[in-house]
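The two chains are supplied separately, each in an independent frame; assemble them into the complex guided by the hints.
Chains A and B, in that order, give the protein sequences.
The opening position of the first sequence corresponds to residue -15 in my numbering, with each subsequent residue numbered one higher.
The opening position of the second sequence corresponds to residue 412 in my numbering, with each subsequent residue numbered one higher.
I should point out that these hints are in silico values taken from the structure, not numbers from a laboratory.
Glycine is no exception: its CB is placed at the ideal position from the N, C-alpha and C atoms.
Please note that a few of the clues may not be correct.
As the list claims (entries may be wrong) - Label pairs and their calculated CB-CB ranges:
1) A:A44 - B:F729: 51 to 61 Å
2) B:C459 - A:S88: 19 to 29 Å
3) B:S587 - A:A44: 48 to 58 Å
4) B:F836 - A:A44: 52 to 62 Å
5) B:P838 - A:S88: 36 to 46 Å
6) A:A44 - B:C459: 11 to 21 Å
7) B:N767 - A:Q90: 30 to 40 Å
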Amino acid sequence: MTSRIGIKALMLLASLGVVGTAWADDPQFTLVIKDHKFTPTELQIPAGAKVRLVVRNDDATPEEFESTELHREKVVPPGQQIVVIVGPLEPGTYGFFGEFHKGSAQGKLIAK
Amino acid sequence: MIAVAIIVFREVLEASLIVSIVLAASKGTRGRGRWVAGGIALGVLGACVVAGFAAEIAAAVAGMGQELFNATILFAAVGMLGWHNVWMGRHGKEMAMEATALGREVAAGTRPLYALASVVGIAVLREGSETVLFLYGLAAAGSGGAVSLVGGGTIGILGGAVVGAALYLGLLRIPSRHLFAVTSWMILLLAAGLASQGAFFLNQADVLPALGNEIWDTSWLVDDGSIVGRVLHVLIGYVARPEGIQLVFWSATIAILLALMRWLSTAPPKAVTRAAAIVVLALAGIGLARGARADFTIHPPVVEYREFEVEHNGSYTFDPNPANKHNETGTLEIGYGVLPWWGTEVEFAWSRTASNPPRRLDEINWENTIRLAEQGEYWLDPGIFTEIGKSTRVGNTHHLEVGPTLQKQWGNTVHTVNLFFKHPFGPDNSEKSVNFNYAWQSLWTWKREFQPGFEIFGDAGPVDRAPSIRDQQLRIGPVAYGKIDLAPGLGELKYGLGYLLGLTHGTEKGALKWNLEWEQVF
Chain A
-15 MTSRIGIKAL MLLASLGVVG TAWADDPQFT LVIKDHKFTP TELQIPAGAK VRLVVRNDDA
45 TPEEFESTEL HREKVVPPGQ QIVVIVGPLE PGTYGFFGEF HKGSAQGKLI AK
Chain B
412 MIAVAIIVFR EVLEASLIVS IVLAASKGTR GRGRWVAGGI ALGVLGACVV AGFAAEIAAA
472 VAGMGQELFN ATILFAAVGM LGWHNVWMGR HGKEMAMEAT ALGREVAAGT RPLYALASVV
532 GIAVLREGSE TVLFLYGLAA AGSGGAVSLV GGGTIGILGG AVVGAALYLG LLRIPSRHLF
592 AVTSWMILLL AAGLASQGAF FLNQADVLPA LGNEIWDTSW LVDDGSIVGR VLHVLIGYVA
652 RPEGIQLVFW SATIAILLAL MRWLSTAPPK AVTRAAAIVV LALAGIGLAR GARADFTIHP
712 PVVEYREFEV EHNGSYTFDP NPANKHNETG TLEIGYGVLP WWGTEVEFAW SRTASNPPRR
772 LDEINWENTI RLAEQGEYWL DPGIFTEIGK STRVGNTHHL EVGPTLQKQW GNTVHTVNLF
832 FKHPFGPDNS EKSVNFNYAW QSLWTWKREF QPGFEIFGDA GPVDRAPSIR DQQLRIGPVA
892 YGKIDLAPGL GELKYGLGYL LGLTHGTEKG ALKWNLEWEQ VF
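Chain B on its own, in the form it takes in the complex (with noise of 0.2 Å):
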């Protein structure tokens, strides 16, 4: 009877988390009793069809239908959660504002109540769909007994209910002033969690790259089965061992929810959707993007205050030698200007060789921007840059990246250098030397939309025993970049296009580069 609460128990914790964060985000309004107590009763529905037809959708779509199904009602469940969100930082305000209670609960009575009560549904029908199949398989084997069986699900159910229920009154605790603000960072963090268990299935599946299986391991701190364990996975998408594919969709969630919650709070509706389809035609183009490392980038000593941005720098080489013919380096990164003087951005590089075809992710890496004088204080532009990196791969080292990075500005051109040591660290650290890379751009600021130019790369190798210049990397070559303004409130797009030449043995023949960039002050 234990062990069938205990596993009852589990499943049913996960929906009850999730039914309490609706309920507290929707306190107040009115109806939403009947809308919970819907999405929980077509939850339990659907879970026993599921259940019914398990073994039909274990067989469709050349045996990946479950994790399709799965994949396809979490990403269902972020699209109602995010909406919810977005329609809150719209109308909130306005439901404030209203001066009467009436009014205000006119006003509120338009929320999309339908939105969260598809959320519950899509988590009792997912968690209790496993129950299901699980009580099932113990009645048809006739082991236990009724009583056990009976006993062990109503306890399950009741425990569940109950830290469902204490999370609800928690939540309650909080002042309605603040709860507002609460509840939605929870919906958010909710979504981004569901959004990283649907990358999950979709790799199971095969559609998506893993980018690495473990990026690390904190199953000796919190294991994914314990009780807390699932609580936290719940409520902020905690794993103890994520694959890189997982954290990306987490953070994009994160990134991509946050900057429409606070875009769309004051753009008109036309904005909105147009706003919609730049979301959908960026996530293609993520889903496009391949591998990426961030080498060929240059760091000017720019810090843009209060300016959110997403971006995506990518390579792609070619060379007659078959090991190098196409590599493929590639990075998302999501960046805020936190203080006039300093900026600072988290990166996922991953990439993908001749040689190990499989793209996964490389790196992790911390990047920081401080300037150290005002744009035309001095005769050069100063700034430091650092960047802490972590590697993913077994093998590969982490490494410590530093240096100044000078700007000067002549005319219509504008001029950055980039001197940077990079200093490898780790277990599997074979090198222990410091090694030495340079980089230089010279842009001709000719209008905002079309800045040609030229970028130089080299990579001097150890700084003891650097090798000949034969030997190290160097390339040069022609780029351009760009900067288009969306409408009103919607921030602007960079982009940078070039192709680099290999002007040393060790180098590749060519390489393609671009860079795409989405901006907007917050």
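Only chain A is shown next, with the shape it has when bound in the complex (with noise of 0.2 Å):
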């Protein structure tokens, strides 16, 4: 139940967070990448909508932000941040992780 109200509020901060950009419609999500590991390493999202992940770089070296399930992958510069469009995806988890750093960076998405 917490959980259900947590994402309600990132949702709506989210969408905040976007107003003023091209695709502000769509439900914004962020993934943070620092010391080759992903956070949150799970992220839910809802499913059935397309959703902007930001995927953001603290680490100083690069990293590729890739998912076989998703059907992405992406190059993302140390220090900075891009942009995957993902969906509507059907419910379900989909696994995500970094090319460059397999060993650690792992994560999923749930789409509900």
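Put into structure tokens, the structure is as follows:
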């Protein structure tokens, strides 16, 4: 229950955050890469909707955000952030990883 | 060191396979070594530049710079490979006919080696820039030390080169007279795979719809990340979980290049420019074509032997009820008349409904038409139509459809009837019952270019518990078809246009339907 409220709050925050950008209508979520790990490692997103995923790289080295299940691969230069548009997705779990540090950089998107 | 070597190996492998295909394809051409070496050198240089500007590229075009950059260079490579094959189709025979070795060499010297060299450059640039970024990252982080970095990098590059060399030596074992045919096919498949990757990036940039996120999943058999997966990815464009749009681009590239290769091998030079214009128009047409399902199509008991066709059918509904207001259906079909009595076709069908707006690939269908008698042999021309359809959307059923198709010509008129039974199956099947649908078409064969008439399409629903006629679907309306010959050797263009009125409560008020088809006999 608390997580539901948390998601709603996050979505509200996210939607406030993107006002003024080109895709202002799509909900936005942020993933941070630090020490070759993703935070959060599990991210809940709404199923059946297009979502903007902002991936920020706080490391000093490049990373490649990749997911075979989401059909996405995109280089994230050090200190930069990129946007990955995903969905609309069927409900389910979708793994993603950092191609350059596969050992530690692993995470999941959960579409509900 | 091993971890570094493995990542570098995987990136180098793809570029190295492409280089070996190009080297094998250009065997015996003077100066190819310099061209290919130049391509590799420029590719390495380009890779460093691209890696250096990674941040700028990523931020460009509203954050979609990487995708658009990748898609652009991939499609450039597809164009170059296509141009090479078309050129070889035109000049390969002349080259072989040159009596002397010197004459052959001179003829071969005019081959578009720059096309192949640019493909090598692009392959090295694409795979190389990721390798550079990765190695730079390791060096910047100071992790693992210089030995691991240099050692791993070297092992990876050498390993990739060895696999490429193995493929090259393997290809050289093919007798010269077959080598050209084999490498043409490899280049065709390579181009199709690159086009599918280009479509992947355009989808990621939100420019193209996915038409289904995962048409199938064969990662249990060959995973994309495995070495075999990587090799197949280059050789045939293998993807374990393809998107619908990737399949469409893959098939369309093969179909278009194959058609161009055959068609331009004998056409006069003027026709070549005209052909290029038509391809551009056709591509634009496919790009604009929205939605489709094969519902409003008549299947005559006719097989056009040895005829290759690319076809698009579409419909767009109008209804006061918001749920049916503007539904679209669309298909892209590629077919061939294999035998005088058997024609086969693969169809990609997509749709978009007012209630579920994303346009997605619904089905991939395999259609077969079997002609049971010569035209005019009996009072009615009989045939059988079969279709097996794989649903590409969760919650939808697969289907098997079969039934007679009958045609009768009377003077200047031709009448066709389809009586089809559709059996849904698969894990998501809740209907468990056979559906019956019927269609009638009458045309006045006034002129080849313009044949007006009418069509009726009905869907009676499940045969064991058919709904009342009021709830069945029934449509009738005017249609017109025609054929236009393109320049000699360029095949013919067929069009169809109609407007169907919904007659029952269960049908939308009106539907516009259209059809565009290009046919060429080989």
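Hint by hint, here is what the structure shows:
1. A:A44 - B:F729: 51 to 61 Å: About 58 Å separates the Cβ atoms of A:A44 and B:F729, which means 51 to 61 Å holds.
2. B:C459 - A:S88: 19 to 29 Å: 27 Å, holds
3. B:S587 - A:A44: 48 to 58 Å: 54 Å, holds
4. B:F836 - A:A44: 52 to 62 Å: 55 Å, holds
5. B:P838 - A:S88: 36 to 46 Å: 37 Å, holds
6. A:A44 - B:C459: 11 to 21 Å: Check passed, 19 Å falls within 11 to 21 Å.
7. B:N767 - A:Q90: 30 to 40 Å: 33 Å, holds
In the structure shown, no violation is registered for any of the earlier numbered hints.
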